[in-house]
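Q: Sequence:
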Amino acid sequence: MHTAFYAGDKCPLQTVSVVCGDEYAHAACSIDIFSEGLEMTANEQNATPDLVIVGAGIFGLTIAQQAVEKLGVNVTIIDIRDHIGGNAYSYMDPETGAEIHKYGAHLFHTSNSRVWDYVNRFTKFTDYVHRVYATHDGEVFPLPINLGTINQFFRANYTPAQAKALIDEQAGELAGTDPANLNDQGISLIGRPLYEAFIKNYTAKQWQTDPSELPASIIKRLPVRFNYNNRYFKDTWEGLPADGYTAWLERMIDDPRITVKLETDFFDETQPLNKRALLEAGVPVVYTGPVDRYFDYDLGELKWRTVDFKEVRYDEGDHFGCAVMNFSDADAPYTRAIEFKNFNPERAAEQNPNKTVVWEEYSRFANRDDEPYYPINTDEDKALYAQYKAKAAGEPNVVFGGRLGTYAYYDMDQVFNQALISYEKQVEPLLKK
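Residue numbers (this note's numbering): 5 to 437.
Any given hint could be a false lead.
What the hints assert, rightly or not - Derived Cβ-Cβ restraints for the label pairs, each shown as a range: (1) R225 <-> D302: 34 to 40 Å; (2) D333 <-> L75: 50 to 56 Å; (3) G152 <-> L435: 49 to 55 Å.
Because the hints were derived from the structure by calculation, they are not lab data.
Beta carbons: idealized from backbone N, C-alpha and C, even for Gly.
Starting from the given sequences, assemble the full structure and let the hints guide the process.
A: Structure follows, in structure tokens:
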């Protein structure tokens, strides 16, 4: 089996064989990479797909896989980027042997058995368990805040009951008053000492705003564990794809009925699979891009936060001793740092023992041309999205999905789940019309 890949509205250049492994395929995958230089066949130029998917991220790939498996239709996926996988895309760093998550750390975890069974069709998972640490005042503490964090911070040896009593007492400082801002909300949830140590400055860096000027509604809860469990996620299943995200996602669309056209802009009318042409032809479309962009921002722009990364390389095998280190104090301009080698300790023999790479993460408000990461979700944004959602419902041959298409933040398992449900309730009925 193979999937055809194009770069822009270009032509086939070379074919690369990728072995998928007996666990997931009965034959090797032959992936065609298309670029400039040769002519496409008449069939490739003129064939009209049964379904066009805008966006080669998790949502779009899942819809494509389900459509060809359930109905045997021909699907074309287009993406403005030069790779598949959306923000889950990863690649190998040749100097260190680390798998780099290009758009920031992606950790797979779920308690949804349907999703877990589905993703295991396409990849094995490592036994990686995510743990996060934070620096504060020259010390390293475990997160989420737990009994170990509390005892280290207060230089104490509290039992669970004693620690809970302490936090309840400190959180009662503002009892009887409604939180006026995020500062007050944080104090009322976990008390002033822990809030000011681990949350206040981190939040200020995330939002580029003093927390006293942020609404209390941004923080609904702050988890505190009164035991020594510092496993970050509570889900039933957790791990990382054994041979990387890109290999996993390529396997999902390893089918000759799926064509992928990269570096292809849905809104560029000089290429044939553009918005106007597809809508006029009545071709079913699954759109996973920004919903406000689809409507040319005619109601206004939805606001997002984005993330910038600064790469730092060290002449040592391990710099932090963990995969993610938060920086809670104001003197560090970045919110956290990711040391990618520590996501895959099982690959130690393949990694450079004398080199490591770290990405420092800086959060800011997104401009239109930035990568949108986190919806800001103010009341104003929610009202604006409701208007766009109503407009989207008026597009009879278009299904909107994914975090950008629905103005929402999702973990990866939630995107898979949303896609599986959307396929059943929206896409398949549309294709059967």
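Q: If a hint holds in the structure, say so; if it doesn't, say that too.
A: Against the structure, the hints:
For R225 and D302, the hinted distance range of 34 to 40 Å is satisfied, since their beta carbons lie about 36 Å from each other. Against the hinted window of 50 to 56 Å, the Cβ-Cβ separation of D333 and L75 comes to about 55 Å, which satisfies the hint. At roughly 53 Å, the beta-carbon separation of G152 and L435 lies within the given 49 to 55 Å, and the hint holds.
Of the hints listed earlier, there is not a single one the structure fails to meet.
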